[in-house]
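A.B. asks: Protein sequence lines, in the order shown, are assigned to chains A and B.
Position 115 (the first sequence) corresponds to 115 in the working numbering; numbering is contiguous.
Position 29 (the second sequence) corresponds to 29 in the working numbering; numbering is contiguous.
Everything labelled a hint here was simulated from the structure, so no lab data went into it.
None of the values given here were measured: they were computed from a predicted structure.
Misleading hints may appear alongside valid ones.
[Unchecked claim] Covered stretches of chain A, as calculated for chain B (at least 3 residues, CB under 8 Å):
#1 238-246
#2 284-292
[What the hints assert, rightly or not] From the derived model, a few chain B residues whose C-beta atoms are all more than 12 Å from chain A:
#3 11
#4 64
#5 80
[What the hints assert, rightly or not] Only some residues are given here: those of chain B computed to face chain A with a beta carbon under 10 Å:
#6 28
#7 39
#8 43
#9 47
#10 52
#11 55
#12 72
#13 77
#14 78
We put the beta carbon where it would ideally sit given N, CA and C, even for glycine.
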Amino acid sequence: MNEHPEAEITLRWSEPEASYDVIIVGGGGHGLSIAYHLATRHDITSVLVVEAGYIGGGNSGRNTTVIRANYGIPEAVRFYQHSLERYRRLEEETGRAMMHDRKGLLWMAHSEAGVRRERARAAVNQAFGAETTYLEPDEIAAACPEIDLACGGGFPEVMGASFHQGATARHDRVVWALAEGAMRRGVHVAPRTAVVGLVHDGRRIVGVETSAGRIAAGIVVSAVGGNVTMLADMAGVRLPIKTHPLQAFVTNRYQHRFDPIVASGDLGFYVSQTARGQMLLGAEIDRQPSYSRGSTHDLLASLSHRAITVLPFMRDLRVLRQWTGSCDMSPDYSPIMGDTGVDGFLITTGWGTWGFKAIPAGGEFMAQRIATGVVPELMAPFSLDRFERDRTLADRGSSGTH
Amino acid sequence: MSMRVLCPHCGPRSIEEWVHGEIPVVPDTITDPDGRDIDRGYMHTNPQGAVREAWFHAFGCRRWVTVWRDTRTDEWIEPPV
Ligand SMILES: Cc1cc2nc3c(=O)[nH]c(=O)nc-3n(C[C@H](O)[C@H](O)[C@H](O)COP(=O)(O)OP(=O)(O)OC[C@H]3O[C@@H](n4cnc5c(N)ncnc54)[C@H](O)[C@@H]3O)c2cc1C
Ligand SMILES: [Zn+2]
Numbered sequence: 001m002n003e004h005p006e007a008e009i010t011l012r013w014s015e016p017e018a019s020y021d022v023i024i025v026g027g028g029g030h031g032l033s034i035a036y037h038l039a040t041r042h043d044i045t046s047v048l049v050v051e052a053g054y055i056g057g058g059n060s061g062r063n064t065t066v067i068r069a070n071y072g073i074p075e076a077v078r079f080y081q082h083s084l085e086r087y088r089r090l091e092e093e094t095g096r097a098m099m100h101d102r103k104g105l106l107w108m109a110h111s112e113a114g115v116r117r118e119r120a121r122a123a124v125n126q127a128f129g130a131e132t133t134y135l136e137p138d139e140i141a142a143a144c145p146e147i148d149l150a151c152g153g154g155f156p157e158v159m160g161a162s163f164h165q166g167a168t169a170r171h172d173r174v175v176w177a178l179a180e181g182a183m184r185r186g187v188h189v190a191p192r193t194a195v196v197g198l199v200h201d202g203r204r205i206v207g208v209e210t211s212a213g214r215i216a217a218g219i220v221v222s223a224v225g226g227n228v229t230m231l232a233d234m235a236g237v238r239l240p241i242k243t244h245p246l247q248a249f250v251t252n253r254y255q256h257r258f259d260p261i262v263a264s265g266d267l268g269f270y271v272s273q274t275a276r277g278q279m280l281l282g283a284e285i286d287r288q289p290s291y292s293r294g295s296t297h298d299l300l301a302s303l304s305h306r307a308i309t310v311l312p313f314m315r316d317l318r319v320l321r322q323w324t325g326s327c328d329m330s331p332d333y334s335p336i337m338g339d340t341g342v343d344g345f346l347i348t349t350g351w352g353t354w355g356f357k358a359i360p361a362g363g364e365f366m367a368q369r370i371a372t373g374v375v376p377e378l379m380a381p382f383s384l385d386r387f388e389r390d391r392t393l394a395d396r397g398s399s400g401t402h
Numbered sequence: 001m002s003m004r005v006l007c008p009h010c011g012p013r014s015i016e017e018w019v020h021g022e023i024p025v026v027p028d029t030i031t032d033p034d035g036r037d038i039d040r041g042y043m044h045t046n047p048q049g050a051v052r053e054a055w056f057h058a059f060g061c062r063r064w065v066t067v068w069r070d071t072r073t074d075e076w077i078e079p080p081v
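The shape of chain B in the complex, shown without the other chains (with noise of 0.2 Å):
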């Protein structure tokens, strides 16, 4: 298996030249504004299936893309509706 991300600018590209960067999700539930800051320094969803995620194609064009991953498989997918 190769891992390929899709750059709109170079094309599919190998999961080597990409750095990749947590899109931080902080739950509603989460009230308290120091519980709120604690959660985003450190706390992670860490979700079995859909997640948004940014990479940036550090190796290449030096631009961010925003995709949607199933993190069981590891495909890319649709964003879910």
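Isolated chain A (complex conformation) (with noise of 0.2 Å):
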């Protein structure tokens, strides 16, 4: 039974033709996302999506699609909000179902140094938008009475906890919503098509080489994920990205609602409940700069293990899957979007492990970008250049695993 009768999303897609206005490199969300904006916001409809395999195949159809705004600086939050509220409205300016689901995230401390980290987290959500509280332990078991607050004895008992109010969406119904979205209102997108190689005439791109063969643009984005460095190699532009895997995985049914995704800094780790009932848990990148996609057994063990620390009840259930994406990781853990240095080549990139909330923002504002050659206002501190000015957005403990 369908509890979601809508009619069928129809995805077209295109053989390329020989010049576009824009390309976007990568059909993950972000690409579809900058591509829907072009055509919704702007009329700029003579736009090519070009992706290696199929259309949300990387990260945007892997991640754990927390949804939050809970950040510790106030670029971020400001950003991270705006994306937010652009998601709950997403099912219907789309007129599809995404299962957007708002939920609580639990953020817990286990140290002194944690309870200062949460309780500055609520303050400056609080002062730049987002709504997150501080939590004191028993208004944690009244909120989650399944955390074992004593962590069993063997760790760091939980002393604090942040509050804040996220949400969770189905990754692929994203992705495939923006990609109808910009596909009926004329734009192109090419699966099964791997960008090899840019056109450069003199300092400019001004085109792309792809498996289809050669392609003119007036401007190309990368939207590649964690193949970032690859594309900016080819335009010559030196990039502060390490990819690194980052693994998932989930368990059979809990058969009991568990309602707040929880998360933990001081454990490296997160859960929440899937709409089947299912366990999603996630964890920190692993330690090595890696393209690959194997999931380990050290990660299943390791996280595991944290995962039953602070939720006893999870010893029970069985892992039925595990996963891998490729992270394009930046440096202070805050993303990169826009200019290079290159005319005619932008990019979006710094994703990392944090990306999936972004999507509706990061698409709007790089289209504001390429349609009026205007950086918008909650993009601007995200510039590729703020590292060599000295004017990096370190954000790692709010950042550093969803």
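Join the two chains, each given in its own frame, into one complex according to the hints.
C.D. replies: This is the structure:
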């Protein structure tokens, strides 16, 4: 039985033409969101999205879909809060169900330093528009009785937490809805078409070489997730990005409703319950930079152990599936959007382990930059040149895991 | 799959015991001294393929080893000639 009866999504692929105003490399959430916003907000429809595999086959279809704005610095809180609010209206806007589900998010502290971090998070969130409060242990127990505040005695106890109004959404549906919305207005999407080179005219990028031939472009945008260094190399741009694997797994169904998303910075893990009742777990990135999408038993063992420390009921669940994505990690744990110093070549990267929540705002602001030439205020701090200007946006504690 | 680093002192040990150390490579094409500092501080070659790197056996003998790895497969490899 289908709980969400709706018209079938229609995705129509295109054979690339010889030339476009804008070519977007990468058919993940960010690339498709840029295309969607170019078409819907700026009436720019001479747009091609080239995707090496299938749309959403990268991190956008592999992530744990936590949507939140409880970041640690003003620039990030404002940006992600805008994106979170866009998500709340995206089903209505696109006419497509995305299983958007508002959820509370408990972020626990097991140390004095952690308590200070969560109090500071709540304060900066409130100051810049995100809904976050600080909870004492008895309030945590009331919000999520399954948590063992003593952590089994084997790990420092839970001393406090911040509580944030976040959400989750179905990742494939987000990708498909944006693709459909863009295609319906004339944007072309070409799956199974890899960009293998960029076309230069002096210092300017004027097109792409693909497995289907050369295609000219007024502007080329890189939105290729973990593969970004390859694209940047072709343009002669040096990036502060390292590609790291990030793994996740789901268990079989837990028979009770488990409401909040639970995260622990000190334990480096987070967990939420899917619409099917499965428990979905994520951790920190693998320590070695790598393009491998292999999943390891080491991660499974260590992450299970950490989860059971806080949520003993998980002991009785079984692991169903484990998988891995390739994350474009920036050194300050903030994204990188906009100009690259090479004319005709823009970039959206540094989405690391946290970019699903940013898909609506990232696409909106990149499209605005492409259409108007002006960098939107909420996007401006995240420019690539912040590193040489010594204006990095260090936010590791709050982007670390999801 | 289980990923292990070969320690000359302790034998093959789980990746969970190790800290990764990048050996930064600043391209010769960057000649400006400030440019080289920025590159060394922030930029990464992020290669797809062979990479030389150091690992610290933090939860073991606490010594460094230097190895080559293929970043596409996470296999340990011989130094390219
Ligand atoms: C396990 C895991 C859990 C995560 N959890 C969360 C979370 O809870 N919340 C959150 O906000 N974020 C999360 N993230 C991060 C989030 O998934 C990413 O930041 C986001 O999906 C990035 O979207 P993207 O469009 O930039 O990249 P991708 O979705 O990776 O898309 C890039 C696309 O480019 C294509 N491509 C690459 N090279 C080429 C080429 N040469 N030519 C053509 N196409 C090319 C790829 O095939 C791919 O489809 C998680 C990530 C992982 C891996
Ligand atoms: Zn050792």
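A.B. asks: Could you run down the list of hints and mark each one as holding or not?
C.D. replies: Evaluated hints:
For a cut-off of 8 Å, the count of residues in the region 238-246 of chain A with a CB near a CB of chain B stands at 6, and the three-residue condition holds. Only residues whose C-beta sits within less than 8 Å of a C-beta in chain B count toward coverage, and the region 284-292 of chain A has 7 of them, enough to reach three; the restraint holds. Even its closest Cβ contact with chain A, about 16 Å, leaves residue 11 of chain B beyond 12 Å, as expected for a residue assigned away from the interface. With a least beta-carbon separation of about 15 Å from chain A, residue 64 of chain B lies farther than 12 Å from that chain, consistent with its non-interface assignment.
For residue 80 of chain B, the non-interface assignment is confirmed: its Cβ lies about 17 Å from the closest Cβ of chain A, beyond the 12 Å cut-off. Interface hint status for residue 28 of chain B: violated, as the beta-carbon distance to the closest one in chain A is roughly 13 Å, over 10 Å. Evaluation of the residue 39 of chain B hint against chain A yields a held restraint, the C-beta minimum of about 6 Å falling below 10 Å. Evaluation of the residue 43 of chain B hint against chain A yields a held restraint, the C-beta minimum of about 5 Å falling below 10 Å.
Interface restraint check: residue 47 of chain B against chain A, minimum CB-CB distance 8 Å, threshold 10 Å, status holds. Violation of the interface hint for residue 52 of chain B is found here, the shortest Cβ-Cβ separation to chain A being roughly 12 Å, above the 10 Å cut-off. The beta carbon of residue 55 of chain B comes within 9 Å of a beta carbon in chain A, closer than 10 Å, and the hint placing it at the interface holds. For residue 72 of chain B, the shortest C-beta to C-beta distance to chain A is roughly 5 Å, which falls under 10 Å, so the interface hint holds.
Hint status for residue 77 of chain B relative to chain A: violated, with the closest Cβ pair at about 13 Å, above 10 Å. Here the hint on residue 78 of chain B is broken, as its CB sits about 18 Å from the closest CB of chain A, past 10 Å.
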